[in-house]
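Chains U and E supply the protein sequences, listed in that same order.
The opening position of the first sequence corresponds to residue 1 in the numbering used here, with each subsequent residue numbered one higher.
The opening position of the second sequence corresponds to residue 1 in the numbering used here, with each subsequent residue numbered one higher.
These aren't lab readings, by the way, just hints derived from the structure by calculation.
Take these hints with a grain of salt, some might be off.
Listed next, with one range per pair, are the computed distances between beta-carbon atoms [unchecked claim]:
| no. | chain 1 | residue 1 | chain 2 | residue 2 | range |
| --- | --- | --- | --- | --- | --- |
| 1 | U | I164 | E | Q171 | 55 to 63 Å |
| 2 | E | D125 | U | T201 | 21 to 29 Å |
| 3 | U | L179 | E | T130 | 45 to 53 Å |
| 4 | U | S228 | E | R231 | 53 to 61 Å |
| 5 | E | R68 | U | A212 | 26 to 34 Å |
| 6 | E | G8 | U | S228 | 18 to 26 Å |
| 7 | E | T25 | U | V206 | 38 to 46 Å |
| 8 | E | G8 | U | T201 | 53 to 61 Å |
| 9 | U | V206 | E | T130 | 37 to 45 Å |
Source: prediction; values computed, not measured.
We put the CB at the ideal spot given by N, CA and C, even for glycine.
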Amino acid sequence: MSTITWITARGLFGRRRFLLLLPLPLVLLGLAVLCRSLGVDPGEWGPPVLVGLGLAVVLPVVALIIGTGVLGAEIDDGTVVHILTKPLPRWQIVLPKLAVAAGVSAATVALPLYVAGVLADSVRLGLALAAAATLGALAYSALFLALSLVTRRPVLLGLVYVLIWEGLLGNFVSGTKVLSIQQYVIALADRLAPTGLLETTVSVPVASVMTALISIGFTVLAVDRLRSFSVAGETS
Amino acid sequence: MSTLSLTGVSRWYGNVVAVNDISMTLGPGVTGLLGPNGAGKTTLLHMMAGFLSPSRGTVTLDDEPTWRNPDVYRRLGLVSEREAVQSYLTAYEFVLASAKLHRLADPAAAARRAIDLVELESAQDRRIGTYSKGMRQRARVAAALVHDPQVLLLDEPFNGMDPRQRLHMMQLLHTLGDAGRTILFSSHILEEVEQVSGTVQVMVAGRLAASGDFRTIRRLMTNRPHVFAVRSTDDRALAVALIAEPSVSGVELDRTGLTVRAGDYGAFTRALPRIALTRGIRVRQLVPSDESLESVFSYLVEA
């Protein structure tokens, strides 16, 4: 394990902020188990729980907390200087951090989504949701990691993207769905396990290409921004 | 041996000029960067360390720019003023991580050597979060020294240290400077700079006000006219006696007492008790009224 990965993981799990991650996946899991045990028709609870809660809220919010935390927290408290004063090409800092962010987000979200998918339909849907959520976690993490280098308020901006752009505008302005990671995840999951539970709005090729473009594009942006990272002389 | 060169460096934020046209060359030895708070010392250090791009001019380490060039950190170490450390790590883990990030051949040995250098062995396995301010500072210095850099930049390294730690840090800087390293540290306290370095760069309001041997600059500073507020049992009689003194260049009398302008600090402070004694006047108050560092510096700029 690289030193950056190790420091990032220690920083992530060492902060209280990490505890914020636990309730959301637990709510998702709890609701799925509850609906199943009460014998509710999966056609009724599947879409709101899997998509409405799982893919539209739990995945992006978990990725937001972690993605803005892996580098943003270090920028906030100034410890980023210790990593930056090393003769490392900046991609060797960004990539391990992205890997930790995407990996932890995926692990936190994929597991409850898998269980919920199994309870709603089949193991295949569970696996499809977990796989698509993993890809989504990568794209979201790249976006939020880059945001933490572009703005001083990455969490706020990330929430605006998730809640306003994906959540609100997605319902009224259909064009915004082409630029919505949530829609890509739904399209990919539905392609891997076609059921009546997921309603897709973008095509699979668009979803695949856009997920790759967002992941790569924002990673490149993050590397470039870190290369020109300025420390403001607020103390002088 | 490495040389850090600044040529016509300026940095502004919008309309505010933080650093104004500074040129200097730093070679081996310890140099103090002296200036009042807000003079632009941190901004200058950040530009030297590659954490800020100069708005104009160039900053180079051995002819390589420091901005957008992570390779300079092979030869350069920085101890920033913000005392942020990963508090969940122990000092040993923290310094070892630095050694590994520098890709040193034997990171464990390098980490132990750096921790020895700052005398932190006894506490090295405790979490940094439990450290005092001075210990945290030493842990940061150890991390900055782990790769044995040719150039070490320290921003206000003595802040928050107790006298013993301060002395130890001063000795450490001396040792490093004598070993041919280029050391630059900033401070707003005259005495600190006096004890550590022979060469100083004085910054005032973003400009380089003086540069060179400390003793010469110090003499300029102490020989400047001083202003004192004096109150006594008989201000008027004291004023008459004082104006006859060659060391006094002016006396002003008002309701609150005397304002005395002295051309020679030493001669005046010796003369005052003598006069008071011979005239039977009791001096109730003697306060230097322009001892703030800012006034010392502004005098220096005018000189």
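Broken hints, numbered, in rising order?
-> 2, 7 and 9
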